[in-house]
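Chains as they are written, first to last, in our numbering: chain A, 1 to 256; chain B, 1 to 256; chain C, 1 to 518; chain D, 1 to 518.
I should point out that these hints are in silico values taken from the structure, not numbers from a laboratory.
This structure is a prediction, so every number in the text was calculated from the model and none was measured.
Treat each hint with caution, since some may be false.
In the DSS-like style, the derived pairs of lysine-lysine whose C-alpha atoms are separated by at most 30 Å in a straight line are [stated by the list, open to error]: (1) A:K51 to A:K138; (2) D:K4 to D:K518; (3) A:K51 to B:K51; (4) B:K187 to C:K136; (5) A:K187 to B:K52.
Computed spacing ranges between beta-carbons, pair by pair [stated by the list, open to error]: (6) A:T9 to C:D140: 24 to 32 Å; (7) D:D140 to C:P9: 42 to 50 Å; (8) A:T9 to B:V129: 52 to 60 Å.
Here are some chain B residues pointing at chain A (derived, C-beta under 7 Å) [claimed, not checked]: (9) D40; (10) N110; (11) D114.
Beta carbons: idealized from backbone N, C-alpha and C, even for Gly.
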Amino acid sequence: MAKCETANTSVDLTKVKPYGDTMNDGQMEMTFTLPVPYGDEADEAARQLVKKMGCEEPSVVYSHDMGGGYTFFVVYGKCQHTIDYSTIHVAKVESEVMERDECGKFIEENIGRDVIIIGATTGFDAHTVGIDAIINMKGFHGHFGLERFKNVISINMGSQVPNEELIAKAKELHADAILVSQTVTQKDIHIQNLTEMVELMEAEGLRDKMLLLCGGPRISHELAQELGYDAGFGSDTYAEHVCSYIITEMVKRGRI
Amino acid sequence: MAKCETANTSVDLTKVKPYGDTMNDGQMEMTFTLPVPYGDEADEAARQLVKKMGCEEPSVVYSHDMGGGYTFFVVYGKCQHTIDYSTIHVAKVESEVMERDECGKFIEENIGRDVIIIGATTGFDAHTVGIDAIINMKGFHGHFGLERFKNVISINMGSQVPNEELIAKAKELHADAILVSQTVTQKDIHIQNLTEMVELMEAEGLRDKMLLLCGGPRISHELAQELGYDAGFGSDTYAEHVCSYIITEMVKRGRI
Amino acid sequence: MKSKLNLDPKVIDSARQHAASIANSMQEFIDRHTTVSTERTILRLLGIDGIDDVETPLPNVVVDQIKEAGGLPRGVSYWIGNAMVQTGLQPQEIAEKMSKGELDITKLETTSAEKAEAAIMPAIQKSLEVINAQKKAREDYLERLGESRQPYCYVIVATGNIYEDVIQAEAAGRQGADIIAVIRTTAQSLLDYVPYGPTTEGFGGTYATQENFKIMRKALDDIGEEVGRYIRLCNYSSGLCMAEIAAMGAIERLDVMLNDALYGILFRDINMQRTLVDQYFSRIIIGYCDILFNSGEDNYLTTDDAYESAHTVLASQLINEQFAVVANIEEWQMGLGHAFEMDPSMENGFLYELSQAIMAREIFPNASLKYMPPTKYMTGNIFKGHVQDALFNLIAVWSGQSLQLLGMLTEAIHTPHMQDRYLSIENAKYIFNNARDIGSEVTFKDNGIIQKRAQFVLNEADKLLADIEEEGLFSTIEKGKFAGIKRPYEGGKGLEGVCLKDEQYFNPFITLMLGGAK
Amino acid sequence: MKSKLNLDPKVIDSARQHAASIANSMQEFIDRHTTVSTERTILRLLGIDGIDDVETPLPNVVVDQIKEAGGLPRGVSYWIGNAMVQTGLQPQEIAEKMSKGELDITKLETTSAEKAEAAIMPAIQKSLEVINAQKKAREDYLERLGESRQPYCYVIVATGNIYEDVIQAEAAGRQGADIIAVIRTTAQSLLDYVPYGPTTEGFGGTYATQENFKIMRKALDDIGEEVGRYIRLCNYSSGLCMAEIAAMGAIERLDVMLNDALYGILFRDINMQRTLVDQYFSRIIIGYCDILFNSGEDNYLTTDDAYESAHTVLASQLINEQFAVVANIEEWQMGLGHAFEMDPSMENGFLYELSQAIMAREIFPNASLKYMPPTKYMTGNIFKGHVQDALFNLIAVWSGQSLQLLGMLTEAIHTPHMQDRYLSIENAKYIFNNARDIGSEVTFKDNGIIQKRAQFVLNEADKLLADIEEEGLFSTIEKGKFAGIKRPYEGGKGLEGVCLKDEQYFNPFITLMLGGAK
Ligand code: B12
Ligand code: B12
Ligand SMILES: Cc1ncc(COP(=O)(O)O)c(C=O)c1O
Ligand SMILES: Cc1ncc(COP(=O)(O)O)c(C=O)c1O
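Given the sequences, and given the hints that come with them, work out the whole structure.
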C-alpha cells in the first residue's frame with residue numbers, strides 16, 4: 001500500500017528542470033518534421049534526435065507521413081538539462097513607468113518644453129499597427145497613444161519609410177527621440193535594417209543627440225542594445241512605457 | 001534582386017536535421033512548463049534550456065503564468081544535432097503477414113492441428129479494448145479477430161487477470177502462444193508486470209514451450225524482446241499480424 | 001418550452017415508466033440484503049476510524065469479526081448498539097478493543113433491537129451534525145465566494161501523490177477550474193477496504209483516503225479564497241467500498257462523487273448483487289449531504305460504438321435517475337453521464353453528437369448533466385485532439401451541459417500534465433464565452449438529420465427499457481446489453497460480501513437520511 | 001430560398017445600386033487614362049519578354065523609351081504597330097533592338113492608328129490562342145482529375161525560394177490542399193517592373209516571375225496527377241504591376257489571383273489613380289481567362305476593428321463586385337474577401353462571425369467567397385490558435401464559403417512550416433466533414449442576435465455606399481473610411497506612371513477580351 005511521505009514538491013532554483021506532474025520529471029513536448037520517409041526507422045530517428053537533445057525515454061506519440069519523404073512527429077521526453085535560475089539576469093528598460101498624466105507633469109517640471117518624438121516602420125515593412133498603437137491617439141488596449149500625451153509632439157511617418165527619410169525628418173524637427181518599428185523578421189531582414197539605421201545615424205553625427213528606440217513583436221531590450229539602440233520594446237508595450245523611458249532618460253542625460 | 005540558383009533541397013541522410021521550410025533549418029517546436037515564476041527571467045530560463053538542448057536562436061513565442069510559481073512556454077529553436085538515418089536499424093517482427101484465409105490454410109498445411117492461443121490483460125490493468133481487438137470475433141477496423149480464424153482456438157480471459165492465473169490456464173489448455181496486453185504505463189507499472197510474467201513462466205519451466213507475446217499502445221517489438229518476450233506489437237495491430245507471427249514461428253521452431 | 005428536437009413526450013414518459021419499474025423491482029432485492037461494505041459504512045458514520053497494527057482499517061476489523069461469527073445478517077448497528085448497552089463503551093472504543101482481541105461483541109449478552117438502536121442514536125446524531133455542518137459550510141462558501149456559470153470546468157488530477165495533486169489542483173484552480181476530481185489509483189475499486197492516511201504512491205491516480213480528502217479539501221478552500229470562487233472537489237465511490245467512500249465524502253465535504261453500480265459491474269467486474277446493494281446506501285448518503293453524483297454511462301462508449309449504442313446510454317441514464325429517486329436524491333444532484341465519443345472521421349458526426357447532447361438536456365431538464373470528452377478517438381496527435389475537444393466544448397455550451405469534464409489534448413498519452421489542464425481550460429472558456437448564447441439562437445430543421453437522430457435514439461432506448469423491464473436488470477447485464485460486456489449474476493468480485501438480512505436487522509441512517517433528518 | 005437572416009432584399013438592391021453607380025463613375029476616369037504598367041501588359045501579351053544587360057525587363061525598356069519621348073498618350077499598341085509597319089520586324093525584335101539602342105520607335109515615320117492596329121493583330125491573335133489553350137487545359141484537367149468539394153482548402157507557401165516552395169506545395173497537395181498560393185516577397189508590389197527568371201531569395205515570400213509561375217504550375221500539375229485532383233495555383237497581382245502579373249497568370253495558367261486596387265492603395269500606399277486604372281485592364285484579362293480573382297477586404301480588419309467596421313467590408317465587396325461586372329467577370333470568378341477577425345475574448349463573437357459569414361453568402365449567392373482566417377488575434381499560443389482556426393473552419397462549412405484560406409496555428413510566429421500546413425489542412429478537413437450539413441439543418445431565431453447583427457451590418461453598408469456615391473470613391477479614401485487609413489489623391493507610389501490618353505490611343509485587347517474573342 002501507499003507509503004506516507006510528503007512529496008518532494010519544492011524546487012531547487014539552481015537546478016530547474018521542466019515539470020509535467022512531478023517535480024523534476026523533466027517532461028517536454030516536441031514537434032518537428034524530419035526529411036526522412038515515414039516508417040519505423042523515421043520514428044527511431046526522431047527518438048535518437050530527442051535523445052541527443054538530452055531527453056531520456058523519448059516517446060514518439062504520433063508520427064504522420066507528410067509525403068515526398070518527410071515525416072511529422074510529436075515526441076515526449078524527459079529533459080535532463082538543468083538551468084540555474086538563480087543567476088539569470090535579464091537586461092530591462094529600467095525607467096519607472098509613469099501614467100500618461102504623470103508623464104505630462106514630469107515634462108513640465110523637469111524638461112520645461114515639448115518633447116519631440118518621431119516614429120516610423122522602416123524598410124519595406126508595411127506593418128503599422130504596432131507603431132500606430134504607440135503613437136496614434138487611439139492607442140492600444142485602452143491605453144492612449146503619444147498623440148494624447150501633454151507636452152509631447154509626436155509624428156507618425158507610417159510604414160515603408162526608408163531610413164534616410166526618417167533621419168532627415170528627425171533632423172528637420174530636432175527630434176528628441178526616434179521610434180523604429182519592425183515586424184517582418186524573415187531571414188533577419190529586421191537586423192539588417194535596424195543596423196543600417198544606426199550606421200546612418202552615426203554617419204550623420206546624430207547618434208548621441210537623439211534617443212533611438214526600436215520595437216516590434218520579436219524585439220527585446222537586449223537585442224536592441226546589442227544593435228546599438230538605447231532601448232527596445234516587445235509585445236504589449238504601451239505609450240506610457242515608451243514616454244516614461246524617453247523623458248527619464250532625457251533628464252538623466254541632461255538633454256533638457 | 002534575387003539570385004538564380006536552385007535550392008539546396010536534397011537531403012543528406014547521414015546528417016538529418018529537422019525541417020521547417022528550408023532544408024537543414026533545424027526548426028523545432030517545444031512546449032514545457034518550468035517551476036519558476038512568470039516573467040522575463042522565466043523566458044530567459046526557457047531560452048537557456050532550449051539552447052542547452054542544442055537549439056540555436058531559441059525564441060519564446062509564448063509564455064503564460066500558470067500560478068504558484070510555474071510558467072508555461074512555447075519555444076521555437078533551430079536544432080543543431082544531426083542523425084545518421086542511413087545506419088538506423090529497427091528490430092521488427094519479421095514474419096510475412098498472411099491474410100486470415102491464408103493463415104487458416106497455412107496451419108492446415110504446415111501444422112495440421114488447431115493452434116491454441118490464450119490472451120489477457122494482466123495485473124490491475126482494466127483495458128480490454130486492445131486485446132478484444134485482437135481476439136474477439138468483431139476485431140478492429142474491419143479486421144476480424146482470432147475467433148474468426150480457421151484452425152485457431154483462442155481464449156480471451158479478459159482484464160485484471162493475475163499472471164499466475166493466466167499461466168495456469170495456458171498450462172491447462174496446452175497453449176501454443178500467450179498474449180499479454182498492457183495499456184497503463186504510469187510509473188512503468190507495465191514493465192514490472194511484464195517482467196514478473198516472464199519470471200513466472202521461467203520458474204514454471206514454460207518459457208521455451210510457448211510463444212510469449214505482448215502488446216499495447218506503448219509496446220514496441222524492441223521493448224518486448226528486451227523484456228524476454230518473443231515479440232511485441234504496438235498500435236494498429238490486427239489479428240492477422242499476430243496469427244501470422246505465431247504460426248510462422250511455430251513452424252520455424254518445429255512446435256508442430 | 002417546446003422541444004427543439006420534436007421529441008414525443010409520450011415516448012419519454014414511457015421510457016421513464018419502464019426505468020422506474022426496473023428500479024423498483026431491483027429495490028425489492030436490495031431491501032433484503034446488506035453487504036460488508038454497507039455495514040462498514042455504518043461504522044464509519046458512527047465515528048469508527050483508524051487502523052490496527054497490520055494496517056487493517058477498524059471498520060473492516062469489526063465487520064470481519066462479526067461476519068466470521070455469523071452475525072452479519074443482523075447488521076452492525078445492532079451489534080454495536082448491543083455492545084454499547086452491555087459494555088458502556090463508545091463505538092470507537094469497542095472497535096479498538098476488538099482489534100486488540102480484547103472484545104468479541106458477538107459473544108456478549110444480547111438485548112432487543114429497539115434498545116440497541118436507542119443506544120447508538122446519540123452517535124448517529126453526532127454523525128448527522130458533522131454532515132450538516134459541512135452542508136452549511138458549503139452553502140456559506142457558495143454565498144460568499146460564488147461560483148462560475150455552467151458548464152463548470154471539471155478537470156482531473158492524477159499524479160498518485162496527494163501532495164503533488166495539490167500542486168496540480170491549485171494551478172488548475174487559478175487557471176479557472178470549477179471542479180477538481182482526484183482520480184483514484186488503478187484498481188482501488190477492487191480493494192475491499194479503504195486505505196488509511198495521506199498517500200504518495202499510486203498508478204494513474206491517488207488513493208481515495210479520508211486524509212487525502214481532507215488535504216485536498218483544505219487546498220481547494222484556500223485557492224477558492226484566493227481566486228474568489230468556490231471550487232468543488234470530486235472523488236470516486238463506485239467499487240467495492242462504494243458506500244464507505246460516499247460517507248467519507250459526506251464527512252470531508254466532497255461536492256461531487258462518481259457513483260454508479262453499473263460502471264463497477266461492467267468495467268471493474270464487480271459482482272452485480274454486491275454493488276447494487278452498496279449503491280443504494282451510498283446514494284442515500286449522497287442525497288442527504290447535497291453531493292452531486294456522477295453516473296458512468298460515458299464509459300459504455302469506450303467499448304461500444306458511440307453511434308450504434310447511443311440508446312444504451314440514455315436507457316442507463318433513465319435507470320440511474322430512478323435509482324436516485326428511490327434514494328431521495330434531488331434532480332440537481334443527478335450528474336447523469338454521457339459522452340462525445342463518435343469517430344471523428346464520421347460525416348456529420350458533429351450533428352449527431354449535438355443532437356444527442358440536446359436530447360439529454362431535454363429529457364433531463366433539471367439534472368446536472370455530466371458531459372464526458374472524446375477519449376477513445378484521441379490519438380498522439382495533440383493538435384487534432386485539441387480541435388476534437390473544441391467541438392466537444394462547443395456542443396456543451398450549445399446544449400447547456402452542467403459539468404463539463406474537459407478533454408485533454410494528451411488523452412492518448414498520459415494523465416494530464418499541468419500545462420495540459422491549462423490548455424484545456426483555456427479552450428473551454430474561450431468557446432463557452434465566444435458562443436455563449438448559441439443555444440437560444442438556433443433551431444433545427446423539422447425532420448432533419450438532427451431531429452431524426454434524437455427521435456431514433458429515444459425510441460431505441462424506450463424499446464430497450466421495455467425489454468429490461470420484462471427481462472430484469474440482472475439478466476440484461478448477463479446478456480451484455482450494456483457496453484457489449486457480459487457479467488454473470490454470481491461472478492465478479494465481492495459476492496462473498498453480500499448477505500441476507502435477518503428480521504432484526506436495522507440501519508437507522510437509511511430511515512433518518514431518507515427522512516431528511518437534521 | 002428564404003433568407004435565414006431575414007435580410008431585406010430592398011436594402012441589398014439599394015446597396016448594390018449605389019455600388020454600381022460608384023463603379024460607373026470611376027469608369028469614366030479610368031477610360032480616360034492609361035499607365036506605364038497597363039502599356040507594359042500589352043507588350044507582354046504581344047509576346048515581348050526577356051531582360052536587357054542591366055536586367056531591366058524589355059517591356060519596361062520599351063515603355064520607358066516611349067514615355068521619355070512623350071509618346072505614351074498614344075499607347076504602345078500604336079507605336080509597336082507603327083514600328084512593325086515601318087520596319088517589318090516582330091514585336092520581340094523591335095524590343096530587342098530598342099534595348100540595344102539600335103531603334104527609336106517614336107522617331108519612325110507614322111502611319112494611321114487603323115494601320116498600326118491591323119499590323120499587330122496577328123500577334124494579338126497568337127496571344128489569345130495561348131490563353132485559350134490554357135483555358136482548355138484547365139477544363140481538361142478538371143474533367144479528368146476532378147476537384148474537391150468546397151470550401152476549398154487554400155494554403156500558402158512563402159519560403160522565398162521557388163524550389164523550396166515547390167517542396168512545400170507538393171507536400172501540401174499530398175496532404176489535401178486544393179489551392180496553393182505562392183506569397184510574394186515583401187514589397188514586390190512596390191516594384192514598377194516584374195523580375196525575371198527563377199528566383200531563390202525573398203523575404204516572407206517569393207518573387208512573382210513568369211518563370212516561377214511556370215515552375216510551380218508544372219509541379220502542381222504533376223502532384224495533381226499523383227493525387228487525382230486538380231490543384232489550383234494562386235499568386236498576387238495587386239501592386240504597381242497589377243495588369244502585367246495578371247497577363248503572366250493568364251499565360252501560365254494560374255487559377256486564382258489576388259487582385260484589388262483598394263488593397264494596394266490602403267496597405268501599400270500605391271497611388272489611387274494609378275492602381276484603379278491598372279485594375280481595370282487586369283480584371284479584363286482575369287475575366288477573359290477564367291481566373292478567379294480575390295479581393296482584399298479581409299485586410300481592413302487587421303487595422304480596423306472587425307466588429308465595428310464589418311460594414312466597410314461589405315461595402316467594399318459590393319464595389320469590387322461592380323468593378324468586376326464592368327470588366328465582364330462572371331459571378332463564379334468573384335472571390336470577394338472577408339475575414340474571421342473578431343477579438344476571441346468577445347462574448348458571442350462566434351455568433352457575430354457566423355452571422356456575417358452567412359450574410360456574405362446570402363448577398364453574393366453565386367460568388368466564390370474567399371474567407372480569411374484569424375490573424376490579428378493569433379498569438380504565440382499555437383494551441384489556442386488552432387482552436388480559433390477550428391471555429392473559423394466550422395463557420396466556413398456552415399455558411400458555405402468557397403475558398404477557405406486556412407488559418408495557421410503559427411500565424412503570429414512565422415510563415416508556415418511544412419507541418420503547420422499539414423495540421424491546418426487536417427483541422428479543416430475534419431470539421432468540414434464532421435459538420436458537413438450543418439448549414440441546411442439550422443435556422444435562426446427571429447430578431448435574435450444573429451439576425452439582428454447581419455441586418456445592422458447591411459444597413460450600415462448601404463448608408464456608407466450612399467455616402468460614397470455622393471462623395472466619390474477617391475474622396476472617400478482620402479477621408480480614411482476604409483480600414484481607418486487615409487490616402488491622398490496625389491500621394492503614394494506610381495502616380496508618375498499615370499497618363500491621359502490621346503484620341504488616337506487604342507488597346508485592342510480590351511475590346512477583344514471584353515467581347516470574349518476566341
Ligand atoms: C496585421 C498584419 C498584416 C497587415 C498589416 C497592416 C498594417 N497596416 O499594419 C497586412 C495584411 C498588410 C500584412 C501584410 C504582410 N504581412 Co503581416 N501580419 C499581420 C499580423 C496578422 C498582425 C500584426 C499586428 O498588427 N499585430 C498587433 C500589434 C499591435 O502588435 P505589434 O506589432 O507587436 O506591436 C506592439 C509591440 O511590438 C510594440 N511595438 C511595435 N513596434 C514598436 C516600435 C517601437 C519604437 C516601440 C517602442 C514599440 C513597438 O508595441 C505594440 C503595441 O504593444 C501578423 C501576425 C500576428 N498575429 O502577429 C502578420 C505577420 C507579422 N505578417 C507577416 C508577413 C510575412 C507579412 C507579409 C510580408 C506577407 C507577404 N509576403 O505578403 C505582408 C507584407 C507586409 C510587409 N511587407 O511588411 C508575418 C511576419 C513573419 C516574420 N516573422 O517575418 C506575420 C507574423 C504573419 C505570418 N505568420 O506569416 N500583415
Ligand atoms: C477506453 C479507455 C478506458 C476504458 C477501458 C474500457 C475497457 N474495457 O478497455 C475505461 C474507461 C474503463 C478506462 C479506465 C481507466 N483508464 Co483508460 N483509457 C481508455 C482510452 C480512452 C482508450 C484505450 C483504447 O481502448 N484504445 C483502443 C485500442 C484498440 O487500442 P490499443 O489498446 O492500443 O490496442 C491495439 C494495440 O495496442 C494492440 N494491442 C493491445 N494489446 C495487445 C496485446 C497483444 C498481445 C497484441 C499482439 C497486440 C495488442 O492491438 C490493438 C489493436 O490494434 C485511453 C486513451 C486513448 N485514447 O488511448 C485511456 C488510457 C489508456 N487510460 C488511462 C488510465 C490512467 C485509466 C485509469 C487507470 C484511470 C483511473 N485511474 O481511473 C482507469 C482504470 C483502468 C485500469 N486500471 O486499467 C491512461 C493511461 C496512462 C498511461 N499511459 O499510463 C490513458 C492513456 C488515458 C489518459 N491520458 O490518462 N480507460
Ligand atoms: C461512475 C464511475 N465510477 C468510477 C470510475 C473510476 O473507477 P476506478 O477507480 O475503478 O478506475 C469511473 C471512471 O470513469 C466512473 O465513470
Ligand atoms: C488583394 C491583395 N493583393 C495583394 C496582397 C499581397 O500584397 P503584397 O505583395 O503587397 O504583400 C494581399 C495581401 O493580403 C491582398 O489581400
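Consistency of the hints with the structure:
| no. | hint | result |
| --- | --- | --- |
| 1 | A:K51 to A:K138 | 50 Å, violated |
| 2 | D:K4 to D:K518 | 42 Å, violated |
| 3 | A:K51 to B:K51 | 15 Å, holds |
| 4 | B:K187 to C:K136 | 40 Å, violated |
| 5 | A:K187 to B:K52 | 23 Å, holds |
| 6 | A:T9 to C:D140: 24 to 32 Å | 30 Å, holds |
| 7 | D:D140 to C:P9: 42 to 50 Å | 59 Å, violated |
| 8 | A:T9 to B:V129: 52 to 60 Å | 35 Å, violated |
| 9 | D40 | 4 Å, holds |
| 10 | N110 | 28 Å, violated |
| 11 | D114 | 33 Å, violated |
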